[in-house]
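*Asks:* The whole structure should be built from the sequences, with the hints applied where relevant.
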Amino acid sequence: MFTGIIEELGHAQELVRQGDSATLSIAAQAVVADVQHGASIAVNGVCLTVVDHSPTSFTVDVMAETLDRSSLGALQPGSPVNLERAVRADGRLDGHIVQGHVDGVIQLLRRAEHEHWTEVTFSLPEALAPYVAEKGSVALDGVSLTVASVGSDEFSVCLIPTTLALTTLGARQIGESVNLEVDVLAKYVERMVGLRSTGQADSK
1 MFTGIIEELG
11 HAQELVRQGD
21 SATLSIAAQA
31 VVADVQHGAS
41 IAVNGVCLTV
51 VDHSPTSFTV
61 DVMAETLDRS
71 SLGALQPGSP
81 VNLERAVRAD
91 GRLDGHIVQG
101 HVDGVIQLLR
111 RAEHEHWTEV
121 TFSLPEALAP
131 YVAEKGSVAL
141 DGVSLTVASV
151 GSDEFSVCLI
161 PTTLALTTLG
171 ARQIGESVNL
181 EVDVLAKYVE
191 RMVGLRSTGQ
201 ADSK
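Numbering (UniProt numbering), first residue to last: 1 to 204.
The set of hints was computed from the structure by calculation and includes no laboratory data. A quick note: this is a predicted structure, and the numbers were derived from the prediction, not measured. One thing to keep in mind: the hints can contain errors.
Unchecked claim - Estimated spans, in silico, between C-beta atoms of each pair: (1) 146 <-> 73: 26 to 32 Å; (2) 56 <-> 174: 30 to 36 Å; (3) 27 <-> 148: 18 to 24 Å; (4) 115 <-> 197: 24 to 30 Å; (5) 130 <-> 56: 41 to 47 Å; (6) 187 <-> 80: 39 to 45 Å; (7) 54 <-> 94: 15 to 21 Å; (8) 174 <-> 11: 21 to 27 Å.
C-beta: ideal position from N, C-alpha, C; glycine also.
*Replies:* Following this line, the structure appears as structure tokens:
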């Protein structure tokens with residue numbers, strides 16, 4: 001589990017495709033300080049398992065489904081990536097509960113620059129619209145954010161200078177893709193309501 005609070009910006013070194021999977025190597029410093037084989041690190045919001053590491057980099061395996069359902073397959077050498085280690089059980093949950101399971105890839109539609117913040121608007125697929133609510137939480141490329149406004153096919157978030165400077169979102173341009181993970185609590189609520197409405201929740 002993650003919190004959506006990015007620890008550092010790493011950089012993709014190499015993405016090597018191997019049939020229905022790939023290996024991805026990433027240059028990093030902070031997240032490899034205490035890394036171990038098998039540790040979980042979120043890369044642009046995707047939970048991945050460390051299979052090799054050094055003091056300045058780590059390598060993960062990426063399955064075909066992950067490449068298909070996220071933007072990781074488009075990474076090029078030098079591409080910046082948001083990195084976060086799995087949260088400790090005794091740590092602070094400063095963002096929100098982030099699983100590292102991407103629900104969809106969306107596009108940046110508009111940027112509106114203000115004196116001390118930037119409003120960024122993204123596309124919203126119909127299938128994911130029920131899970132995005134005003135003042136609710138989303139993770140964009142692994143960054144925990146609060147939804148400022150939401151429409152039928154788009155939503156906006158507001159980025160403070162720290163987020164703009166310390167994550168990939170500061171450099172994202174119109175038309176570029178980001179990974180979206182909706183709030184897992186919303187998905188469980190929908191599931192429970194759906195089961196109760198059909199009577200399945202009380203069946204044995």
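*Asks:* Now tell me if each hint is right for this structure.
*Replies:* Going down the list of hints, with the structure as the test:
no.: 1; hint: 146 <-> 73: 26 to 32 Å; in the structure: holds (29 Å)
no.: 2; hint: 56 <-> 174: 30 to 36 Å; in the structure: holds (33 Å)
no.: 3; hint: 27 <-> 148: 18 to 24 Å; in the structure: violated (33 Å)
no.: 4; hint: 115 <-> 197: 24 to 30 Å; in the structure: violated (47 Å)
no.: 5; hint: 130 <-> 56: 41 to 47 Å; in the structure: holds (43 Å)
no.: 6; hint: 187 <-> 80: 39 to 45 Å; in the structure: violated (29 Å)
no.: 7; hint: 54 <-> 94: 15 to 21 Å; in the structure: violated (29 Å)
no.: 8; hint: 174 <-> 11: 21 to 27 Å; in the structure: holds (23 Å)
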